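From the two separate chains plus the hints, produce the assembled complex.
Given next are the chains, with one letter for each unit.
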Amino acid sequence: MSPDDKRRRGRSLSDRPVGRRSLLRAVGGTGVAGLTTGLAGCLGDLGGQGSDGDDGEDGGDGGDGDDISITYGILSPMSGSYSSLGPNQRRGARLGIQTVNENDDLNVQIDGAYEDTETSQEPALQAADRVVQNEGADFLMGAISSSVAIGLNNFAADNEVIYNPGGAAVPITGSECNEYVFRAETNTAQIAEAVAGYTVNNLGTNVWFHIADYTYGESVLSRVRSRMEEENSNLNVVGVSRSELGAGSYDTYISDIRSSDADVAVLGMTGGDLVTFVNQADSAGLKSSVTLMGPTMTFQSVRNALGPAAYGTYGGVRYTADTDELDNAQNEDFVSAYTDEHDSPPDNFARVGYQSVLMTARGVHEAGSSDPQDVIDALGGLEMDTILGTNRFRECDHQAENPTWMGELTEPSGGGPADVGLISKVEGPDAIPPCEETGCEL
Amino acid sequence: MVLSALAQQVVNGLVVGMVFVLLAAGLSIIFGVMDVINFTHGELFALGAYFAFAVASTSWGGFWVALVLAPLGVALVGGAIERFTIRPLYGRNPLYHILLTFGLVLIFKDVIDFVWGTSRKFYQTPELLSGQPFQLFGVFVPQYSAFVLIGGAFVAGVSYLLLERTRFGLIVRAGSMDREMVRHLGIDIDRYYTLVFAYGAMLAALAGIVIAGRSTIEPAMGDSVIIPAFVIVVLGGLGSFRGAVVGGLGVGVIQSLLRSDVVYEALRQDFLPNLPVPDLEGLVVFLLMIGVLLVRPQGLFGSPEFHDPSGDGELLTGAGDGVLADDTRRRLGYAAVGLLALAPIGMGAFYPVYYVNSVLVLVMIWALFALSLDFLMGYTGLVPLGHVLFFGAGAYTSVLFVQEVVPSVFLAILAGVVVSAALAWVVGYLSIRVSGVYFAMITLAFAELGYQLVFKRADIFGGENGISGFDMVYGLGSGPVVGELTLLGEIHAFYYLVLVSVVGGYLVARRLMRSPFGSVLKSIREAEDRATFLGYDVTVYKRRAFVVSGALASVAGSLATLHNGAVSPSSLAWLKSGEVIVITLLGGMGTLYGPMIGAGAFFGLKEALLAFDIEQWRGVLGVVFVLFVIYVPEGLVSVPSQLSDRYDFGGGGEPTVDPTPEAETEVDD
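These protein sequence lines map, in sequence, to chains S and L. Using the working numbering, read the first sequence as starting at 1 and increasing by one per residue. Using the working numbering, read the second sequence as starting at 1 and increasing by one per residue.
Chain L with its partners taken away, still in its complex shape (with noise of 0.2 Å):
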C-alpha cells in the first residue's frame, strides 16, 4: 500500500519534473553557451502559452497545430531578441544581461496585456488525451501526464544529441569554451548563438504550452516559473544540460514526495521525527539553493560541457570626469537640496500637493535604496539580486520594535538599522565567498528566504495581509505622530526628515568613499587581484561594505514603511530588487549621486506617463531601460560628457577658429 503510493507519487514528481526540465536546459544552455542570465524566459514560458491560445484559437488550428507553431514562433521572437538586443553586450558584465533581460520582461508583460487582456484563457486538451486515466499496478497516470512524461523525455533527447552528436553542438560547446578561436576557424558564431537562443526559447515556449493544458493561462504565469527555474539550474549547474535534467527531476519527485500526507506519514513514522515539512516547503529549496552555492557553486554536474568561467567584463560607472568640474558639481548638489527643501512651500500654488507629499517622498527614499545599492555595485563590482532583503528588513523591525517596545521613530529606525546590518553582516560572509553570477543567486535566494518566512509566520509578520495601523512618534517615548505633525498647511515634518535621511545617507556613503576604507573599495573593483597582492584582506573589505550598504537600505524600507502606513510582503518582492538595479543604472553607477537621479527620471517617467492615462507605463519604461543598457550603459549622470563629446561644446559654443594656420594642415587625429 505503502509502496504503490510511494510510486504513485514518484510518477507525479517525473510529471512535474519534466515541464521543470524544459524551462531550466533552455535557461542552462543559454547561460552555458552565452555567459546570459535571462530573465526574460518567464515571459517566452508565458509567451508560448499565448501563441498556442492563439493558434488554437482559429478555425484550422488545434491543440497538434499549435503544439508545432507555437514554439516555432517563440523560437522566432527569441532569435530576434538576441541578434538586435543581446549581441551588442557581448564582453561586457553578465549583470549587463540581467538588466536588459529584465527590461524586456517589462516590455513583454505589457504586450501580452496589451494584445490578450488580462482574463484567465481557457485551453482546450486534445480528445486523444482526455480519457480516463492509465492504471498500471496500482498507480494512476492522467493520459495529459503521459503525454507530458513522454513528450518532454522526447524532447530533452533529442536536444541532449544535438548537442552531443551533431556539428552545430559542436560548435557551439567549442564557442563556449573559446570564442575568438572559433571565429579564427572562419565560423560565424554569432550566427549560432542566435540559433542557440532561439532553440532555448522554443523549449521555455514548450513547458508552457503544457503547462497550459494542466494549468491556466494567465499573464503573470511566467513570474510564478522564473525563480523556481533558476533555482534548478543553480543545482543543475549552470549551463550544463545533464544538470538541469538531473535537476529538474529531481526537485520534482523530492517535492512530490514531500507534500504527500501518506509518504510523509510512512516516513514519520519510521524514520523522522515531528517535522514540519509542510511548512519548510518553500524554504527548503531556497536552503537547498544556498546550501549548494555555498559548497559546490557549480552544482551537480559543475564544470561541465559548457562554461567559459573568464569574460567578466567590467562594470560600467558613470564615475570619471564629466563635463562639469568638481565645484560646480557641489554647487548643483546644494541647489537640487535646496530646491527639494522649498518644494513644499509651492504646494496647492503652483503645484499639487500630491507631487511633493507622495511624488517627491517616494523619490527620495527610492533614491536613498538605490545610493545603497550603487555603495555596493558602484564601488566593489558585487551585484547582488537580493537587495530587497535589508530594506524589508527594516521596514519589518521598525514596525515591530513600534508594536513591542516604544514608538519612537528615531529608534525604530536605528532598531531597523542594527538588525539589518547584523543580517548583512551574516548574509555578506556566507555570499561573498563567491562571485559573479553566483553571488548574483545567493543573494537572491536569501532575499526569498526572507519572503517566505514573513508570508509563513502570519503571528509575528501578519503573514500576507502584513501589518497596519501603527503610529510612530517624533520623541523617545511620546510625541507628535508621524504622518500628523504638519508645519505649514500640508507641508509635513515627515518630508523632512525623509529628505535629512536621505541627505545624510549620501554623506556618510560619500564621507566613506573619500576614506581610506573608500580608496581600497575602488581599487578592489578597478584590479581585485592587485589589491590582494598590495596585502588588503579584499573580502573583509567587501563584507564591509555589504554591511554600509545593507544599513542604508534598511533606513530606506523603515521610511517607505512611515510613508504607507503599512508593511507587507511586497517589501521583500524580488521585483523590487530589479527595480533598484534598474534604478541604479538609469542614473549611472559608481557616482552615488547618479541612482539618485535614476530614482527620480524613473518615478517622474511614470507618472507623467499615468498623467496622460497610459497604463502600460511599464512597458515604456522597459524600453527606455533597454535602449540605456546599449546604448547609455554609463547611465544618466554621464549624458552631458557624451553629448559634449559628440558635439563639441568647445569655447562657449561657437566653433574654435584656430589661432595657427599650420595646425590645420597636419596630419593627425
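Looking at chain S on its own, in the form it has when it is part of the complex (with noise of 0.2 Å):
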C-alpha cells in the first residue's frame, strides 16, 4: 500500500474487530460504574463548593494555645526586569517565616509557597491564583514593581487575602489602597521627607533633576522638589530632563548638566537605569563638578554594580544592616541569621521580606485567628517591636510607619561596593506623609 492510501483510509469504530469491542464496553462499563460511586461521594464537593478559598483552615479559635496555622504565598520577581532583586525577597521572606515558627512567642505556624511574578502583572496574578486557590493561602507578600503591587492590590480586595506589596510607590496604600493590603515597604513620599532637605541645604541650592519618565521618575520629582521648596527658599531649579526607561546611554544629559550651572543633580531612577547613569557620569568626569543624589542610590544591588563609580554619591536609606545604628534585638538576630545562611548582609529587599511576614504573623497572633477579617481588625494601628524598632501599620492606610535616612556612599578601606554612611535619621512619625495627603480612605 503506498503511503497516499494509508493516509486516505479513515480510521472509524465500525473497523475494529469485534474482540476488542466487547472489551471496551466492559472496561467502560466499570468505569463508569467506578466514576458514579465516586461522583456520589463527592456530590457536596462538586463545582469546589467545598473549598471555598481557603481549605484546610482550622480559622477560629487560637486562644486555647494551639498555634494557628496560615499560608503565606511568597510572589517574588525571579525573572524579568526585577530579577536581580527578586531572590534576596525571598530569602527574607523564608527567613521571616522561619523565626515565627521557630518563635514560642507567638502562636503561629506559616507554610510558605514561593512563586514567581516574573515583574509582569499577567504571570502575577496567575501566581497569586495559584498559591490562593491551590495551596489555600490567606496571605500574600511580594512584588517589587509598583505596577505589579497595584495589580496585587485589587487580587486581594478581590480574594479577601491579605498582602503585603513590596513596591515602593505612594498609591500603593494611597489612591489603589483597600483594607487587605498592609505595606511595610517605605514608600517614595518617606525617602523624599529624609533626602530632600538635606540635600538642598548641604549639597547646594542649584538643582537639576534628572528623571526617567514614568510614574516613579515623576513622583521623584514632584516630592523631592516641592519638599525642598519647603524646606529653603534658596532653591533654583536649573533644569530638569526627561529619559526613555531602559535609555542606554545618558551622555548627552551629562553633557547638558555639566555645562549648567548644578550644583547637584537629583536623579529620579532605578535599577539597571541609575546604574547607566552614575557609571557614565563617572566616566565623563561628572561627579567633580556636580553631586549626584538618587533615592535608591544605596541599594546593595546598585552599589555592587557600580563598585568605586558610586564613592562620593548621596543617596536616600529603608534599612541599614548595621547594628549599631539599627541596634534593636531583632534587627540584631535577623543579621546574624541571614548573613549565617547566605553570607553577606541583608538588603533593603531581604527586610521588607522578613518586616511584612513578622508584623503580619503579629497581627494573626494578636487576633488569635487566620481569618483575614479578625487580622484587618487587630493589624491596624498594632504597635509592636519590629527590626526597624518600634513601628505599626498606620490605622487610615496601613502603610508602615518606617524610619528613613540620608546616606553617602564612601569608599571602603578595602576598596569594592561602596560603604552606606547614614548621615541624619528621620523617625517614623515624621517621614510619613498625613493622613488627608494620601489620598486613601479606609
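Honestly, the hints are just simulated from the structure, not real lab data. Since we're looking at a predicted model, the values are computed, not measured. Worth double-checking, as some hints may not be accurate.
Listed below are several chain L residues computed to face chain S (Cβ distance under 10 Å; list not exhaustive) [unchecked claim]:
id : residue
1  : Asp110
2  : Arg120
3  : Phe122
4  : Thr125
5  : Val141
6  : Arg214
7  : Pro228
8  : Gln255
9  : Leu258
10 : Val359
11 : Ala458
12 : Gly463
13 : Gly466
14 : Ala573
Glycine is no exception: its CB is placed at the ideal position from the N, C-alpha and C atoms.
Structure (C-alpha cells):
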C-alpha cells in the first residue's frame, strides 16, 4: 500500500474487530460504575463547593494555646527586569517564616509557598491564583514593581486575602489602597522626607533633576522638589530632563548637566538605569563638579554593580544592616541569621520580606485567628517591635511608619562596593505624610 | 557655545552609535548571507558580557584578556547554533528561523540565570581607560568612550575588508546570491555559513562587552537591545553592512541631538515650533521604521551586497489528511467541547479549582488568540510579528469603554472588536504592501508604537501601572458583576462566557474558511501568483483576513483583561507576539484547532513543570520548541499521521498478511 492510501483511509470504530469492542464495553462499564460511585460520594464537593478558597483552615480559635496555622504566598520577581532583586526578597521572607515558626511567643505556624511574578502583572496574578486556590493561602507578600503590586492589591481585595506589597509607589497605600493591603516597604514620600531637606541645605541649592519618564520618576521629581521648596527658599531648579525608561546612554544629559550651573543632580531613576547613568557620569568626570543624589542609590544591588563609580554620591536609605545604628534585638537576630545563611548581610528587599511576615504574624497572633477580617481588625494601628524599631501599620492607610535616613556612599578601606554612611535620620511618624494627603480612604 | 554643545552631542551620539553598529552589523550580515532572522542576537550580546565577566573574574584574566577570549567563546557558541539547529532549516520559510531563534532565546535566558544568577554584575573597566576625559575644543570625551569609538571603527573596518577584499568574503557573497551554483563549483558553502554566523555572534559579543563597561551586566540586557537592533537593520537595509554602519551611527547621533535640551532649545528657537520631542522619542524610532518599510523597504542601502530575494520556502501546515476521518475528527471536537463544558463540575472533588478557573480559562483565551493568528498565518501565509497589537487594543478598549460609557461586558467586547477591526484595517492597508520579512518587521513596529503610546499616555491609559479596579456586568447597563456570578460553588459564569466565545470564534473562523472567501485565501497561500492571474485582488483578500484575525484577537484580549481584573502595557509586549506564534506552530498551523491544542500543550507543560518546582520552565519549553521546529514543524496535529506513517498502523494494528503471494516477489517500492 502506498503512503497516500494509508493516509486517505479513514479510521472509524466500525473497523475494529469484535473482540476489541466487547472489551471496550466492559472496561467502559466498569469505569462508569466506578465514576458514578465516586461522584456520589463527592457531590457535596462538586463545582468546588467544598473549597471556598481557604481549604485546610482551622480558622477560629487560637486562644487555647494551639498554634494558628496559615499559608503565606511569597511572590517575587525571579525573572524579568527586576530579577536581580527578587531572590533577596524571597530569602528575607523565608527567614521571616522560619523565625516565626521557631518563636514560641507567637502562636503562629506558617507554611510558605514561593512563586515567580516574572515582573509582570499577568504572571503575578496567575501565581497569586495558584497559591490562593491550590495551596489555600490567605496571606500574600511580594512584587517589587509597583505596577505589579497594584494589580495584586486588587487581587487581594477581590479574593479577600491579606497582601504585603513590596512596591514603593505612594498610590499602593494611597489612591489604590484597600483594607487588605498592609505595606512594610518604605514609600517614595517617606524617602523624600529624608533626602530633600539635607540635599538642598547641604549639597547645593542649584539643582538639576534628571528622571526616567515614568510614574516613579515623576513622583521623585514632584515630591523631592516640593519638599525642597519648603525647606529652603533659595532652591533654584536649574534644569529638568527626562530619559526613556531603559535608555542605554545618558551622555547627552550628562553633557547638558555639566554645562549648566548645577551643584547637585537629583536622579529619579532606579535599577539598571541608575547604574548606567552613574557609570557614565563617572566616566565623563561629572562627579568632580556636580554631586549626584538618588533616592535609591544606596541599594545593595546598585552599589555592587557600580563599584568605585558610586564613591561620593548620596542616597536615601530604607534599611541598614549596621547593628550599631539599628541596634534593636530583632535586627541583630535578623542580620546574624541572614548573614550566616547567605554569607552577606541582608539588603532592603530582604528586610521587606522579613518585616512583612513578622509584622503580619504578630497581627495573626493578636487576632487569635487566621481569618483575614479578624487580622485586619487587629493589625491596623497595632504597635509592635520590629527590626526598624517600634513601628505599626498606620490605621488610616496601613502603611508602616518606617524611619528613613540620608546616606553618603564612601570608599571602603579594602576597595569594592561603596559603604553607606548614615548622616541623618527621620523618625517614622515624621517621615510619613499626613493621612489627608495620601488619597487613601479606608 | 551652541556649536561646541552640538559637537559634544555628535560625539556622544557616535559613541552610542558605534555599539549599535556592532550589533546591527552582525544581525544584518547573518540575514543577508543566510536569510536568517536571528532573534538570538540579543542573548549572544548578553552572553558576551557574561563570558567577559567570567574571564575577568579569574586571577589570570582581566579586561583585555576578556576582550579577546569572550568574543571567541561566543563565536564558538554561534557556530554551534548554526551547525546543529539552523542548518537543518535551510530552504524553509524564514518564519522557521524566527521561531527557532525565539526558542533559543528562551533556552539562553534560563541558562544565563542558572549559571550566573540574576543579580547585577560589576564589570571593572581597565585602569588605562579610567582617567580624566579628553578635552578637545570644549568637547569632553571620556577615555572609555574614545576606546569604544576607535575600537569599534577598527572592528567595523576589518569586517568590511573581510567581506570585500578576501576570498572568504567573495565566496560568502557569491553564496548569498546563488547557493547551489557555489556548491556546483565544488565549494562547501555550508561551512562558510557557520563561520559567518560565528562572526556575527562575535560582533554581538563585542557590543555586549563594551556595554558592560559603560552600563551594567544583567540577565535582561538582551531584551533591551534586540528591537533597536532590528530597527537599525531595517533602516540601513537588511543584509547591508554599509547600511548597518550608517544606520547605527546615524540613529545614535540623531537620538543624542534630539535628547539634548541645549541643542533642542537652540533648534526650537530658530527652526521648530513647540514640538514635544521628548514625548516622541520612543515613537520616532518606530515611525521611522514604518516609514522606511513603506517607502523603501530595502532600506537606505537596499539591493545591497548581500541578499537573496528568492528562496521563500513554503509554510508547513498541519492541514491536509491526517490519520482520522473527518467525522471522527468532528466527534472528537464535540467531545472536547463537552469535556470543557463539564470540567468545572469536577472541581474540588477530583482536581483543584485552580486548574479550571485559572489554567483552563487561560488556555482557552490563548487558544482564541492563537486561532486568530492561524487564520492569518496558516491560510494566507502572512506572518505578523506584531499580532499582540490587536490583543492589547481589545483589552484597553474594553476597559476604557466600561469606565467611560457603560459597564456592559458584551458591549465592551463588541467595542473592542470594532476598534481592533478598524485598527487592523489601517495597519493592514499599510503593511500588506510589503511581504515576507518586511511585513513581519512592519507589524512589529506598529505593535511597538502601540506599546509606547500606552506607556506614555498615563492620563488615558494609566501608564505602566495600567488600569485596574473596574467592574463589568452581564447585561447592557446593569446586572450581575462578572467574576462574582457563580452558578454552583466556585463554578463561575465567566468560565462559560470564555468557552462560548472561544467555540464561537472557532465556528466563525471555520465558516469563513469554508466559504468562497476562505477558498480564495487558501489559494493565495498555495500559489499567490496563480490567484492573481485568475483575477482575484489578492491584496484586498489579505486585508480582509487581517481584519478578521484582528477582531478575533481582540476578543481574546478583552477576555484576558476580565480574567486579570486589570490591563497594563504588558498586554502589548512584543514577547507575547512571539509566544502566540510559538503556540500556533506547536499545535500546527492551517488547521484552526491545531493552535488551540498548542495552547493547551504550552500552558499544560508550564503548569506541570511549576508543580514540580522547576522554575526554569521557560528553558524547557524552549528546548521542546526547538525540537518541534526542526523535527515536527507541522505541529502536534501532525503527530498521529507521522507516527502512523512510521509504524504502519495498518488493519487494526496487526501485521497485514498479504493475500496474494505474488506481490511479495514484485519489484517495487
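Hints and how they fare:
1. Asp110: 8 Å, holds
2. Arg120: At 4 Å from the nearest chain S Cβ, Arg120 of chain L passes the 10 Å test, so the hint holds.
3. Phe122: Since the shortest Cβ distance to chain S is 5 Å, the answer is holds.
4. Thr125: At about 8 Å, which falls below the 10 Å cut-off, the nearest Cβ of chain S leaves the hint on Thr125 of chain L intact, so it holds.
5. Val141: 9 Å, holds
6. Arg214: 6 Å, holds
7. Pro228: 8 Å, holds
8. Gln255: 8 Å, holds
9. Leu258: Since chain S brings a Cβ to about 9 Å from Leu258 of chain L, closer than 10 Å, the hint holds.
10. Val359: Interface hint status for Val359 of chain L: holds (9 Å vs cutoff 10 Å).
11. Ala458: Because about 7 Å separates Ala458 of chain L from the closest Cβ in chain S, which is inside the 10 Å limit, the hint holds.
12. Gly463: Cβ of Gly463 of chain L sits 6 Å from chain S, so the hint holds.
13. Gly466: 6 Å, holds
14. Ala573: Because about 8 Å separates Ala573 of chain L from the closest Cβ in chain S, which is inside the 10 Å limit, the hint holds.
Comparing the model with each numbered hint stated earlier shows that all of them hold.
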